[in-house]
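Take these sequences, add in the hints, and give me the full structure.
There are 2 protein chains.
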Amino acid sequence: MSVAWLDEIKWDGDGLVPVIAQEEASGEVMMFAWMNRDSLQETLQTGNAVYWSRSRQKLWRKGEESGYQQRVKAAYLDCDGDVIVLKIEQQGGIACHTGRRSCFYRQWQAGQWVEVASVLKDPAEIYSKNGTRES
Amino acid sequence: MSVAWLDEIKWDGDGLVPVIAQEEASGEVMMFAWMNRDSLQETLQTGNAVYWSRSRQKLWRKGEESGYQQRVKAAYLDCDGDVIVLKIEQQGGIACHTGRRSCFYRQWQAGQWVEVASVLKDPAEIYSKNGTRES
Chain Y
107 MSVAWLDEIK WDGDGLVPVI AQEEASGEVM MFAWMNRDSL QETLQTGNAV
157 YWSRSRQKLW RKGEESGYQQ RVKAAYLDCD GDVIVLKIEQ QGGIACHTGR
207 RSCFYRQWQA GQWVEVASVL KDPAEIYSKN GTRES
Chain P
107 MSVAWLDEIK WDGDGLVPVI AQEEASGEVM MFAWMNRDSL QETLQTGNAV
157 YWSRSRQKLW RKGEESGYQQ RVKAAYLDCD GDVIVLKIEQ QGGIACHTGR
207 RSCFYRQWQA GQWVEVASVL KDPAEIYSKN GTRES
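Line order of the protein sequences matches chains Y and P. So the first sequence is numbered by our numbering: it starts at 107 and just counts up by one. So the second sequence is numbered by our numbering: it starts at 107 and just counts up by one.
If you're looking for bench data, these hints aren't it; they were derived computationally from the structure. It is possible that some hints are incorrect.
Identical copies look the same in the list; a pair holds intra-copy or inter-copy alike.
Stated by the list, open to error - With a cut-off of at most 27 angstroms between alpha-carbon atoms, the simulated DSSO-like pairs for lysine-lysine come out as follows:
| no. | residue 1 | residue 2 |
| --- | --- | --- |
| 1 | K164 | K116 |
| 2 | K193 | K179 |
| 3 | K116 | K227 |
| 4 | K164 | K193 |
Treat the numbers as computed from the prediction; the structure is a model and nothing was measured.
If you want it as structure tokens, here you go:
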């Protein structure tokens, strides 16, 4: 199906586009993932972030296992039409499968990557149902 | 040369890692680009963002043509070790080669991508020396 706003996106060779999820309220970059056509369409139609899992090769409805959904407040496309920023509201305040707020919890300090954010919830608790790692 | 903090990064099949440049002061996501090993090393050693231009297949020292350099204030690595966020200070307040502040100037509104940020400086002026588009 041809949908004009989807056709404007320059999908990469795998039919994907990189997506940056930024918490609307704090401005913090929470995670980075990929979307295909179906996932972006579902995301903007439902208002809940749906990514494409490259490792599992299937739609990944963020929060379907953890409950930590991302409500989409706004979406932006870049100049080249090949990257998307989502402004989101992070349910539960945890975006990362490690149980941290954001996935970007290691800071470069004098030649080392140093953990600067703590685990808010044990992943074993987050994924107690089936133990898979995607959140 | 083996450098521990570079070896921790999971470079993709092309030897690249995606990089999100976020303005430190405002939290605004300014642009998205790629780095290879050399460009990341130079970036963190000099404190000026250096990307890898996939279209030109060469190092792209951000601002070398436009003067709009990005001073790197902090760098973060994600949980999977395959995405980087840079907190930057954007010289001249313009990151996008279109002359806008940020590359993410089109917002999704009811099924359309609508321009929501204006051109601050004519690209013809920015690139008057040689007319190339990389900033």
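Cross-check of the supplied hints:
1. K164 x K116: both (20 angstroms within a copy, 22 angstroms between copies)
2. K193 x K179: both (5 angstroms within a copy, 23 angstroms between copies)
3. K116 x K227: between (37 angstroms within a copy, 26 angstroms between copies)
4. K164 x K193: within (23 angstroms within a copy, 32 angstroms between copies)
Violation of the numbered hints given earlier is absent; every hint is satisfied by the structure.
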